[in-house]
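J.: Sequence:
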Amino acid sequence: MTSRNDDFLTVATIMQRRRQFLVHSFLYYVLDESFISDGQFNDWCRELIQLQADHPDLCADLPYHELTKNLNTDFSAEAMGIGKSDYPLPIVSAALFTLHQHKKSKTAFKNFAEKYGYGLES
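Residue numbers for the sequence shown follow the numbering used here, beginning at 911 and rising by one.
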């Protein structure tokens, strides 16, 4: 039997890995940008696959379950059938913000996002 604290930490890790998978998949497959190694991405995916297999009772009700439930060792959002329009707005926003920060862009975020075809409402 696991403690509530263990479950909390497991859920937090699952959520972190799901967001990392989706943000970096969006960057790579949609924006053709990448700044983490393939090895790092693969490690995160392996961990997420294992956590989801070990804790199916915790996973189903968490955000992004439908997008990550079929994750396999191909580690490819494209191979899993996740298309550009399938990425939720919080993931798109996080990906653009992360890229903006990584590039140390002096451009206003709004203009940076527009460069990639994403307009921001005022």
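Derived by calculation from the structure, the hints in this document are not laboratory data. Cβ atoms here follow ideal geometry from the backbone N, Cα and C, with glycine treated the same way. Treat the hints with care, as some may be off.
In silico BS3-like cross-links for lysine-lysine, where the CA-CA straight-line distance does not exceed 30 angstroms [to be verified]: (1) K994 <-> K1014; (2) K1014 <-> K979; (3) K1025 <-> K1014; (4) K994 <-> K1013; (5) K1016 <-> K994.
Label pairs and their in silico Cβ distance ranges [as the list claims (entries may be wrong)]: (6) A970 <-> A1018: 17 to 27 angstroms; (7) D967 <-> K1016: 44 to 54 angstroms; (8) T920 <-> P998: 15 to 25 angstroms.
J.: A separate judgement is required for each hint: does it hold in the structure or not?
T.: Do the hints match the structure? See the list:
| no. | hint | in the structure |
| --- | --- | --- |
| 1 | K994 <-> K1014 | holds, 25 angstroms |
| 2 | K1014 <-> K979 | violated, 34 angstroms |
| 3 | K1025 <-> K1014 | holds, 15 angstroms |
| 4 | K994 <-> K1013 | holds, 22 angstroms |
| 5 | K1016 <-> K994 | holds, 27 angstroms |
| 6 | A970 <-> A1018: 17 to 27 angstroms | violated, 40 angstroms |
| 7 | D967 <-> K1016: 44 to 54 angstroms | holds, 47 angstroms |
| 8 | T920 <-> P998: 15 to 25 angstroms | holds, 22 angstroms |
Hint check: violations occur at hints 2, 6; the rest are consistent with the structure.
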